[in-house]
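Student: One letter stands for each residue in the lines below.
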Amino acid sequence: MGFLALLVAIWAVASRSGDSFLFPGPADVALALRDNVRSGLLPRAVGKSLARLAVGYSVSLVVGVALGVALARVRWVKDTLGAVVLGLQAIPSVCWLPLALLWFGLGEMAIQVVVVLGSLLSITLATESAVNTIPPLLVRAARTMGATGPRLWMRVILPAALPGIVSGARLGWTFAWRSLLAGELLFISGGLGQVLELGRELHDMALVLGVMVVIVALGLASDHLLFGRLERRVRRSWGLDRA
Amino acid sequence: MEPLIALRGVTKSWGGAGSPLALAPVDLEIGEGQFVCLCGPSGCGKTTLLNLIAGLESPTSGAVTVRGAAVRGPGPERTVMFQESALFPWLTVQRNVEFPLEMAGVPAAERAVRVERYLKMVHLWRSRDAHPHELSGGMRQRAAMARALVGEPSILLMDEPFAALDAQTRDVLHGELERIWLETRKTVVFVTHNVREAARLGDRVVMMGTRPGRITRDLAVKLSRPREANDQDVTTLAAVIERELKIEIEKVIREELDDAWTPAGGGLPGAAGRDLGGGI
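Residue numbers (numbering that gives the first Met the number 0), protein chains in the order written: chain A, 0 to 242; chain B, 0 to 279.
Calculated from the structure, these hints are not laboratory results.
Just so it is clear, the structure is predicted and the values come from calculations on it, not from any experiment.
Do not take every clue at face value.
Just so you have them, the derived chain A footprint on chain B, three or more residues with Cβ under 8 Å [stated by the list, open to error]:
#, region
1, 31-42
2, 191-202
3, 219-226
Sample of chain A residues lacking proximity to chain B, with all beta carbon distances greater than 12 Å (derived) [claimed, not checked]:
#, residue
4, V7
5, A26
6, L80
7, V233
Beta carbons are placed, not taken as given, at the ideal position from N, Cα and C, and that holds for glycine.
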């Protein structure tokens, strides 16, 4: 917290020495934030972005975990889709946008495709490795206790892989968030990315920096409050971290 | 009378046809209520034999039967305890012990009664809400024992369950296992490489040798119970088993080390005595 205050102070001093138009200080940014919160522009944009993220990320999470499990346990899926997943992982998510726009038109669908493709594969790969590294002894023990088929999956394999899956979900969340903003920046359709682009067009640097502050704040909040806590709780009760 | 467990001409090889046998044709019969220890050096196939009875492996040839029916996969009448507890880390002790009952579809009310009875039997009732990582190694094996017993199987298969524990904890658990066995009269197949453990626990000690894995001697143990680890009879029996197994153990060492190694035989451990005080 103290370090954060120091950073803001350095920012304030540095901004005075430069061009106040291109490099506004913290006070100007705070003012811009206040005005845009009051006008409703920022809350609307944040709401829109988060709503999109919720949809795209949920799809990624469900499909990613299912695909990861299939890659780990089903031989023919690994043989066919395994290389494809690794290959697609090399494509930055924004690069899907031109294709998505042509296929799905200038709509929500295009931007959701970018969000899903941006986060899906990292969740898939994390889930695959989590399932692959389950101690085989646990599965053997479960089989001697009569766990087979879907019950073996739901009661043993998935819980055993959960710490790794949660780490993958956390990583996927940050990828989804980045993909969304990149998509919104390039393809104007409401949301925080568009406000950023609006600030550029209006030469309103205070607004641009303000939106960036909001992005950082939202990123930190979701990571620490939501995923950080969840991950710690899971790791602790699985005995992976000492309390 | 048909024995409870029967292995007839059972072989196991890990490769395809023609590859060397991990287990040469083995014939073994185990009667109801027996406590049988399988004892031998590493690589003799004792764990493989146990897994065949458990249904975790299937034989390359021959037949494994329980009550006359061929073993096809694991079953609720045969539970297994491993060297590591294999408790599920995300469940409390109580929920771990409850797990096999849930899989068997036992109603909740009866599950609660059975879990309490067996957790008290292994003296872990007070730690029922702990997670496995909060327990000591000995407590984890107690929990694993409760989990193996709670489904009331007729056969308890134990694969070196106490090998990773310190000597004191192991002694205590030997006593507990013997007490529980006297109470419940399960049929126990207990795999160990520790001759004292075999002499301390078994009604019958089946000795095994390597390359290929096979049974070398089947020894009936007629010692009274409960036994103590340092009973003279147990110690003497352990020495007898050890002598029998020594040839096999040396065979393993000779193959694992290079040929410069020669067994000490019956001679005195020389160097230590000769050097005594030499450096002063």
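Student: Hint by hint, say whether it matches the structure.
Tutor: Results of checking the hints against the structure:
1. Coverage of the region 31-42 of chain B by chain A is violated. Counting CB-CB distances below 8 Å, 0 residues qualify, and the rule asks for three or more.
2. Given as covered by chain A, the region 191-202 of chain B fails the check, having 0 residues with a CB less than 8 Å from a CB of that chain where 3 are the minimum.
3. Judged by the Cβ-Cβ criterion of 8 Å, the region 219-226 of chain B is not covered by chain A as claimed, because only 0 of its residues qualify and three are needed.
4. With a least beta-carbon separation of about 42 Å from chain B, V7 (chain A) lies farther than 12 Å from that chain, consistent with its non-interface assignment.
5. For A26 (chain A), the non-interface assignment is confirmed: its Cβ lies about 50 Å from the closest Cβ of chain B, beyond the 12 Å cut-off.
6. Residue-level check passed: L80 (chain A) sits 29 Å from the nearest beta carbon of chain B, beyond 12 Å.
7. With a least beta-carbon separation of about 8 Å from chain B, V233 (chain A) fails to lie farther than 12 Å from that chain, contradicting its non-interface assignment.
Hints 1, 2, 3, 7, counting from the list given before, are not met by this structure.
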